[in-house]
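Listed below are the residues making up each chain.
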Amino acid sequence: MVQDKTIMSRLFDAANHSFLFLIAVLTVLPFLYVIVSSFGSMDDWIPKKFTLSAYQYIFSTNTFLRSLQVSVYITIVGTAFSLLFTSLTAYALSHKHLPGRKGFMLLVLFTMFFSGGMIPTYFVVRSVGLLNTLWSLMIPGMISAYYLIILKSFFQQLPEELKESAKIDGCHELGILWRIILPLSLPAMAAFGLFYAVGLWNQYFSAILYINDSTKWPVQVLLRQIVVLSSGGFGDSTQISQDSVAFYGQSIKMAVVVVATVPILLVYPFLQKHFAKGVLLGSIKE
Amino acid sequence: MMQHVADEVRPALPDSNPRVKKSLWARVWKERWLYALLLPGIVYFVIFKYFPMWGVLMAFQNYKPHKGMWNSEWVGFEHFSRFFGETQFWMLFRNTLILAVYDLVIFFPITIILALLLNEIRNELFKRTVQTLVYVPHFLSWVVIVGITYILLTTEEGTINRMIVALGGEPVPFLFSKEWFRPLIILQMIWKDAGWGTIIFLAALAGVNVQLYEAARMDGANRFQLLWHITLPSIRSIIVILLILRLGNFLDLGFEQIFLMLNAMNREVGEVFDTYVYRVGLIQGQFSYSAAVGLFKSVVGLILVAGANTLAKKFGEEGIY
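Chains as they are written, first to last, in the working numbering: chain F, 1 to 286; chain S, 287 to 607.
Treat the hints as calculated values from the structure; they're not laboratory data.
All C-beta atoms, glycine included, are put in the ideal place defined by N, C-alpha and C.
Check the hints yourself; a few may be wrong.
Said to hold, decoys possible - Covered stretches of chain F (chain S as the covering partner; in silico rule of three or more C-beta atoms under 8 Å from a C-beta of chain S):
| hint | stretch |
| --- | --- |
| 1 | 14-20 |
| 2 | 86-98 |
| 3 | 108-117 |
| 4 | 172-180 |
| 5 | 194-207 |
| 6 | 216-224 |
| 7 | 254-260 |
Stated by the list, open to error - Derived list of chain F stretches under chain S, where covered just means 3 residues or more per stretch with a C-beta under 8 Å from a C-beta of chain S:
| hint | stretch |
| --- | --- |
| 8 | 24-34 |
| 9 | 267-273 |
Said to hold, decoys possible - Calculated cross-link-like contacts (lysine-lysine; reagent style BS3-like; alpha-carbon spacing at most 25 Å):
| hint | chain 1 | residue 1 | chain 2 | residue 2 |
| --- | --- | --- | --- | --- |
| 10 | F | Lys102 | F | Lys163 |
| 11 | F | Lys96 | F | Lys163 |
| 12 | S | Lys599 | F | Lys102 |
| 13 | F | Lys96 | F | Lys167 |
| 14 | S | Lys316 | F | Lys167 |
| 15 | F | Lys96 | S | Lys316 |
| 16 | F | Lys163 | S | Lys316 |
| 17 | S | Lys316 | F | Lys102 |
| 18 | S | Lys413 | F | Lys273 |
| 19 | F | Lys167 | F | Lys102 |
| 20 | S | Lys413 | F | Lys5 |
Put together the whole structure using the sequences plus the hints.
Dropping the structure here:
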């Protein structure tokens, strides 16, 4: 930016660099500590020797493996559904001449500012028969109004002539979307896919609301049981069976935290790349 | 009156004006495939967003699940007056308000300061490394964030308390005390999202005209004067609009996080509207009463957002709708 060689300025630079370095280290330190300690033995709070026993234990339990399966399943299937229906809706709404478009847009926009709330939504989910099914984790939040609107503006920015010429060649609307629009929007689709996937993987509250059957819990809910509830956290006693309040060693808790986070860390470089392009801020220019 | 209106409308009715009808119908028919693509999305919004808005009418009933909406008894504003009369109401209101104030005077300024400090770094590699690291917690789930908090802070075996004991101190019940609840909530918020919050400021800062700085340097301004007279004014409008938006959303503040941090020992300072709705509604089964509390929250939230938006426009900003 500006070159300034005074002593005060150099001092400030030095202090600023060290301060930000410290902040960056402090941010990742708790997580690094948990990763490192998860390879220690049960009762060490400073790990002394390397062992995989915590991981061996959690991967030997059915509960954990099953919840991991649930999480992977809802993340993959849920992302596919979300992306498919978000892009179909966004594509239709990107046609400015579509009769009734304004009304549909208003219908979507309003949901960003007002909602029926937790209890009425619960009864809707119940009455359409999704309660206690994995669909209740994927369908009620399937389309994000926010992503829908950003994707719609993205589609609108694509050159109109492309669609026109395809239409003249006798291409179907679905064909235009599939052969012309989607290939041009791959970076945007990848970004929204990642954001949906992170949201699905990280969600826990819908599972607490809609799923009683503990064999259908995703890993985040299991993590809450193991780490928070077993240490005396929020006791909504109707949902805890006796054995889930059992004592878990620190390193087992840590291992579960690590496994619940690894997928996020794996996609993080891609997330970083996409939000750096400004997708999240809605200023998609590409 | 009715007659008059009917007469006025008649000429415009579709059947007496075939040309208009046909062209609209033709336009709709021409786009039938687009409507087919639109249909699933609209059905989704109607079922999962608008049915609950209709279902919120249960707040004015004594809703019994086996009777359904149609046969449950109507009670008017009874649940609302009960709620406003409860001491719980003021507790929820106070807890929400205090957390919102902490958010505005602690969390929000920290994101701005962090962005300004990052903006002063000229070494691109260092800057990008710091950014990469401080953005990470934003993508972790609240369960993971709270889980790590528990691992570090539980009274018996939390790492921090073991350190305290090893140094000869008394263990501190961080997670089970009223005093520590709010500081912990704010610390978690800062840890998870302060880094992420800098993005929007950094984007604004990147857009500042370099010539402004050069001209000011010619006039002999030092770095701190540049910061004060050029950098800060250039992000003023973003600060104002984000501040107003945060004000507008303060009722929704951190529900998932607070839900995980609540326990019997800190409920008095930690319970907020949504956690109360969950506990009273789904755990205790008082559906109509908790729906009324939820509706109250939604309506106040809507008013706050609308008010915030008007305020933003008064400041000459674009607003959000």
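Residues of the stretch 14-20 of chain F with Cβ under 8 Å from chain S, three needed, outcome: holds (count 4)
25 Å limit on alpha-carbon distance, applied to hinted pair Lys102 (chain F) and Lys163 (chain F): It holds: about 21 Å lies between the C-alpha atoms, which stays within 25 Å.
Lys413 (chain S) paired with Lys5 (chain F) [C-alpha distance capped at 25 Å]: Holds - the C-alpha atoms of Lys5 (chain F) and Lys413 (chain S) are around 20 Å apart, at most 25 Å.
Assertion that chain S covers the stretch 216-224 of chain F - criterion: three or more residues, beta-carbon distance below 8 Å: holds (count 4)
Holds or violated: Lys316 (chain S) to Lys102 (chain F), with C-alpha atoms at most 25 Å apart: Within the cut-off at roughly 18 Å; holds.
Given pair status - Lys273 (chain F), Lys413 (chain S), alpha carbons within 25 Å: The given pair, whose Cα atoms are some 15 Å apart, holds under the 25 Å limit.
Pairwise hint evaluation, Lys316 (chain S) against Lys163 (chain F), where the allowed Cα distance is 25 Å at most: Within the cut-off at roughly 15 Å; holds.
25 Å Cα cutoff - pair Lys96 (chain F), Lys163 (chain F): 13 Å, holds
Assertion that chain S covers the stretch 108-117 of chain F - criterion: three or more residues, beta-carbon distance below 8 Å: Result for this restraint: holds, n = 8.
Whether chain S covers the stretch 172-180 of chain F (at least 3 residues having a Cβ closer than 8 Å to its Cβ atoms): The restraint on the stretch 172-180 of chain F holds, since 4 of its residues have a Cβ under 8 Å from chain S and three suffice.
Given coverage of the stretch 24-34 of chain F by chain S, tested with a Cβ cutoff of 8 Å and a minimum of 3 residues: holds (count 8)
Pair hint outcome, Lys316 (chain S) versus Lys167 (chain F) [Cα-Cα no greater than 25 Å]: 13 Å, holds
Of the numbered hints given earlier, the model fails none.
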